[in-house]
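Trainee: Protein chains in written order, with the working numbering: chain A, 36 to 345; chain B, 76 to 621; chain C, 14 to 320.
Just so you know, these hints were derived from the structure itself, not from any lab. One should not assume that every hint holds.
Here's a subset of chain C near chain A, in silico, CB distances under 10 Å, partners left out [said to hold, decoys possible]: (1) Gln51; (2) Asn55; (3) Met57; (4) Glu159; (5) Ala172; (6) Phe176; (7) Gly178; (8) Ser289; (9) Pro292; (10) Ala302; (11) Ile305; (12) Asp308.
Each residue gets a CB set at the ideal place from its N, CA and C atoms; glycine is no exception.
If you want the building blocks of each chain, they are given just below.
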Amino acid sequence: MLSYTAKRLGQTVFVLIGISLITFVLLQVVPGDPVALMLEKRADPETIAKIRHELGLDLPYHIQYYNFLKGAVRLDFGTSYFTKEVVSVALIRSFKVTVKLACMAFVFAAAIGIPCGIFSAVKRGKRIDSVVMVLSIIGVSAPAFWFAIILQIIFGLKLDILPISGFDGVSCYILPSVALGARYAGSMARITRTSMLEVMGQDYIRTAKAKGASRWSVIMKHALKNAMIPIVTLIGTDFGYMLTGSMLIEKVFSIPGIGKLAVDAMSNRDLPLLEGTVMYIAFVFVIVNLIVDLSYAFLDPRIRYGKGAA
Amino acid sequence: MKKRVSAVALLCAAAMMLSACGSKPQAPAETTAAGAAGTEAAGTQTGGESTPGAADRTGKIVRVAAVDPQVALDPQQYTYSIVMKITDNISEALLTTKGDGSLEPTLLAKMPEISEDQLTYSFELLPDVKFHDGTTLTSADVKYSYERLVKLTKMATLLENVEGYQELADGTADELSGVVIQDDTHFTITLTKPYAPFLSVLSTAYTAIYPHEACEAAGENWGMTTLYGTGPFKMDSYQTGVGVTLTRFDDYHGGAVKLDGVDYKFIEDVNTQVLEYQKGNVDYVDVDPSIYPVYSENPELKDQMHGFQPTGNYSLGVNVKTYPDAKVREAIALSIDRKAICDSILHGTATVPTSYIPAGIIGHDETLPEFEYNPERAKQLLAEAGFPDGIDLRVTVNSKYQGNVNIATAFQQQAKAAGINVQVETVDSAAWSDMKKSGGIDCNISNWYVDYSDPESMLYPMTKTDTNSSFWHNAEFDQLLEDGIATTDSAERQEIYKKAEHIMTREDWATTPIYNETKFYLLNPSITGFEIDSTFRMFWKDADIQ
Amino acid sequence: MKRTRIGFFNKQRQFEQDMLERGVEYEYSSFYADSLKQLKKNKMAMGCAVILLLLILIAIFAPLLAPYDPAYQDYTAVLAEPSSAHLLGTDEYGRDILSRIIYGSRVSISIGIVAQIVASLVGITLGSLAGYYGGVIDNVISRIMEIFQAFPDLIFAMAIMTFMGKGVLNLFIALGLLTWVRTARMIRGSVMQLKEKEYIEASRACGASTFWIIAKGLIPNCLSTIIVMVTLGIPNAIMYEASLSFLGIGIQPPTPSWGNMISAAQTFISYRPLYSIMPGVAIMITVIAFNIFGDGLRDALDPKLKT
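Isolated chain A (complex conformation):
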């Protein structure tokens, strides 16, 4: 177990280095010069050269990258070219916003998705099952940004009951988290239903039923518990995804989260900020997957990682 974890963490470091290198190379090859953008109106070659020197952009590429790595090891990604804000400070600031949105969207998705999935599985083949499944597939299939705009119009403008932008206070997060959570709710309902159905066909459920246990107690106690593995796997990764910020939802609702930070950094070719953001997103992704894989082993004692694993 430990050796497996250590090995995975080792691979994570490799992945993070790879990602930082790709980001660095991408920004070198992608057309666009942050300095020209900063100077905008009166950019003359001498001024550009001067600013490039100040930012260390005139150094050879390998030295620039080495300098970046040296800082990154200490979680110091430098300062943004444009705002002059320290990148880690910007990340923390945006993370605070994103984590709120992610939590609310996650709670919304789980609170809707899992019960609907259970209900749908229990009422398999009935009309309500089809309705839930159709709704879930609509949830998965509607473009989130489009859904977001429609929500803004209906609840924000026509009914005037919820704020349509901003990020201060819980009510501001309702529409974005519904827009963001809808597709996750859909996929959670689907996975819950599938895995419940699988479990409910097993012998021990039939045994429990035969022993006279009440229907719902069988469902909640026996079936759900055993159906949890794939559900936990999915919602774990879903939460991970939400934590990396949603560029589209954040754009529509003007929420300054991680997604917006990443898009801004990319369109400004703000290398330090982009490196920091991309590394953060990749890190969350890799770690969440690792946690999910490990918890998977805990939840299902039949699975063991490490030497001699089959």
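For chain A, the structure is supplied; the task is to place chains B and C on it using the hints.
Mentor: Relative to chain A, chains B and C alone:
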């Protein structure tokens, strides 16, 4: 085993949520001076959770929807118009340009005196003007601010005709020797050659005067955490992604200010900005002309929409390196249907220009015919130039400006009739700046507004730098521009700039104007005393909430 | 068999067990005939198949169906309300919205399909190489896959589109690069399992080339997986296109795509609601149809392969 892990996982999740919910965005550093305002609550202030950072502000607060500039609020460093829209209310330049182009003293006791040879300007500052940090404005602050402008390089060339500019810019001197301080309120500025628009330059936001000690002490934080000026409002807080809050400066030299403050709320999406206006959460929002009918046909909103004509234009620039034959460039200029763009795409909010230099400044000529759409003539010109089968034209537009993309899309269809096959290429701002610099743009649509009400500000990008991406140079034109700034007589200057413009737009066809726009904004009807004129600057100094 | 790492979804393992139990013993003809029979029984999936067929026909015959040229700008009818002349009204250039939605199906569907072909080509190649050779090659390819997965997708797409220039062809490539990892993972798992089979051993003993073994011996046995992956990958690619166009980095004007229509219509949503709603509905119908049909296909071809 199983249970323990799920319990741990639950705890973790709970902890995350708690920590997340506990970390509210910071409250603004201080609330509005309650003593001054406490009595009346503005009718427009809906309060509540939807006004980030302003929930506990009371009084007459105007809420302005804005796009997050993401940079220091320092026009000497960043030239985005949003930066100036904010800082114009915080810091002031020596002079102000009025809507009609005339100048009036702001921080000066009277208009400066100009020597016979047009080289030396003598200034007298108003006595006892206070900065927001409590210090008094002196000549030293003026000199410091101008030197800072030059050292920061971005807009330094504004002062290139001041004596000692080159030495300071090159780093061989550490002062701007042309600015000579007599005493705390008197100083002179000496130029190296006569420069007619000089006083207009001193009215721009780039030449705002900062308190030198505080500015020096703040260093890189100037415009981020600290920003002092002599203006009617002082900056309370500036939070990236949230907004800027300004409060009234009680010691303002220009008389009592009626508003208690101005909140700039950063709302990224322009559509969301307008939705917030309709909900009553902001009092001011910019409206793009492409959505003009949405509001002009809305009975509630149409009276809240106001327009102004900024001095500038939208134009089509052709790279002379790619299209060296002036006939081809003329054909391109003839193949854009300006009238259709003004009437249909822009819903009648724009007008077809007669000259590149817009109305309201020297050099504008309205006796000329409007630029025409004549695909037949364009075809003929192309044939004469050796392209009887037409040409391909790649039009590059900055995706940040949807208006430019719209024009390019319309142009694409219009140019077909002239045998010009237009390809629209949209790129982001960073790629755009880079391509512009490296000459990778064959044809572009861009807009330009004057920094000061003078034809020099309209035409200088054509000659001094290659920043307009057309790479066009013409010795006669360059000479006329030199003559233009060295001449002070308005009638003479009119002739000079008319001639220069003719060379550019009707002989060489390097750049052709497309339209002069009207910009619109929605303003809460309870706000009075606010107006934007052709200088395109937003002053909340005289505004009030009824 | 020693396995060094396990994907975080259990589907791969399930699939491997599944293949052990039943995989290659099946005769292709009867296997696919059985699957088809089963698919036909699934009414929802068949209904969606009909919708998909219709959508594809609409895309192919767009010039015949669309009442107007989708790029034609009628300056006398800018932002016209729905009428008999323009059933869904016109956009900000006076272009017929219905015609643009019809033509938009070409972009969305072809992008979905071609992007998936690109993804499959990359995915099958790398996945089978990793699975077949194992060891260092597998390690390297697996790390590359992880890097691609962990890289923020839209940022990657933005960078690729800015680097290569915008255009339909480049969008195909960018979306293919965004989505190949899923296919590669599946193929890698299957190939790993299959390569231990006797018949592969036999081919190897007979001196068959590696290419022959992979191309003829292994890939055909993964075909059902590939079909399912492609079908379920298409809606994914369609959504990506919409998202990228919404961010302004997708299809360039004047080509209509549902994504760039939603983006343009956002401004007019309270003024001409149909303009923004209809392209979204078109995306939804297409994506739903592909999803349900893909689910049905998966149930028929690979009953245990579930996500």
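Trainee: So, as I understand it, the hint says Pro292(C) touches chain A; can you test that by seeing if any CB pair is closer than 10 Å?
Mentor: holds, 8 Å
Trainee: Using Cβ atoms only, decide whether Gly178(C) comes closer than 10 Å to chain A, and label the hint accordingly.
Mentor: Hint holds; Gly178(C) Cβ to chain A Cβ min 9 Å, cut 10 Å.
Trainee: Does Ala302(C) meet its interface restraint, that is, does its C-beta lie within less than 10 Å of any C-beta in chain A?
Mentor: holds, 9 Å
Trainee: Does the CB of Phe176(C) sit less than 10 Å away from some CB of chain A?
Mentor: holds, 5 Å
Trainee: Under the criterion of a CB-CB separation shorter than 10 Å, is Glu159(C) in contact with chain A as hinted?
Mentor: Hint holds; Glu159(C) Cβ to chain A Cβ min 5 Å, cut 10 Å.
Trainee: Have a go at the Asn55(C) hint: is there a Cβ in chain A nearer than 10 Å to its own Cβ?
Mentor: Where the cut-off is 10 Å and the nearest Cβ of chain A is about 13 Å from Asn55(C), the hint is violated.
Trainee: For the restraint on Ile305(C), tell me whether the closest CB of chain A is nearer than 10 Å.
Mentor: holds, 6 Å
Trainee: Holds or violated: is there a CB of chain A closer than 10 Å to the CB of Ser289(C)?
Mentor: holds, 7 Å
Trainee: Quick check on the hint: Asp308(C) CB to chain A CB, less than 10 Å?
Mentor: Hint on Asp308(C): holds, closest Cβ of chain A at ~9 Å, below 10 Å.
Trainee: Does Gln51(C) hold up as a contact with chain A if the rule is Cβ-Cβ below 10 Å?
Mentor: Since the shortest Cβ distance to chain A is 17 Å, the answer is violated.
Trainee: So, Ala172(C) near chain A? Judge it on the closest CB pair being under 10 Å.
Mentor: Holds: closest Cβ of chain A sits about 4 Å from Ala172(C), inside 10 Å.
Trainee: Tell me if the interface restraint on Met57(C) is satisfied: Cβ within less than 10 Å of some Cβ in chain A.
Mentor: Nearest chain A Cβ about 8 Å off; hint holds.
The structure is inconsistent with the numbered hints 1, 2, although it conforms to all the rest.
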